[in-house]
Every structure is written in structure tokens, then in C-alpha cells.
Amino acid sequence: MIETDRLIAPAAQGPREDMIDRAIRPRTLDEYVGQKVVREQMAIFLQAALARGEPLDHTLIFGPPGLGKTTLA
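Sequential numbering of the sequence shown, starting at 74, is according to this note's numbering.
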């Protein structure tokens, strides 16, 4: 049996889903709940990049599913 309506890629979402995603995802590190140490480290990385006048280069965020890695990225 083939599921034709199966969501495979985020680009396949409609405008309603995009609006919901934007509404619930934090926009700043201060809005991000949990992962205090990771947020503090990320803030240092971002401040250093801003002080250098450069974009933040590559950052590896790892851990088990459900920690908010994608949201933080």
C-alpha cells in the first residue's frame, strides 16, 4: 500500500503549518527553554562572531532525539 499524502519534506508543508512553526519556535536564545549550558555556549560563539564582524562558522550540535537541536539551529 502506498501513502500518497505522506509528508516527506518540510517544503511540502502549507502556509498554515509554516505559520504554526514560526509561532512556536523561539526567535532568540532568551526565548529558548532548557539547555542552559548549550545556550550560554552558543551565546559566546555568536558574540565572538559579531565582535569579529564575521558570520558564525560551522557549529556541531549533537545529542539524542528530542533535545531541541533543530530548533536551536
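By construction, these hints were calculated from the structure, which means they are not laboratory data. The beta-carbon is built from N, C-alpha and C at its ideal position, and this holds for glycine as well. Incorrect hints may appear among the rest.
Claimed, not checked - DEER-style ranges, computed between Cβ atoms:
{"hint": "1", "residue 1": "G87", "residue 2": "Q114", "range": "17 to 27 Å"}
{"hint": "2", "residue 1": "L119", "residue 2": "R95", "range": "35 to 45 Å"}
{"hint": "3", "residue 1": "R98", "residue 2": "A121", "range": "35 to 45 Å"}
{"hint": "4", "residue 1": "L140", "residue 2": "I117", "range": "11 to 21 Å"}
{"hint": "5", "residue 1": "R89", "residue 2": "Q114", "range": "29 to 39 Å"}
{"hint": "6", "residue 1": "G87", "residue 2": "G126", "range": "15 to 25 Å"}
Each hint tested on the structure:
1. G87 x Q114: 17 to 27 Å: Violated: the Cβ-Cβ distance is about 36 Å, outside 17 to 27 Å.
2. L119 x R95: 35 to 45 Å: For L119 and R95 the Cβ distance comes to about 21 Å; the hint is violated.
3. R98 x A121: 35 to 45 Å: At roughly 24 Å between Cβ atoms, A121 and R98 fall outside 35 to 45 Å, so the hint is violated.
4. L140 x I117: 11 to 21 Å: 19 Å, holds
5. R89 x Q114: 29 to 39 Å: Since R89 and Q114 have Cβ atoms about 35 Å apart, the given range 29 to 39 Å holds.
6. G87 x G126: 15 to 25 Å: Since G87 and G126 have Cβ atoms about 39 Å apart, the given range 15 to 25 Å is violated.
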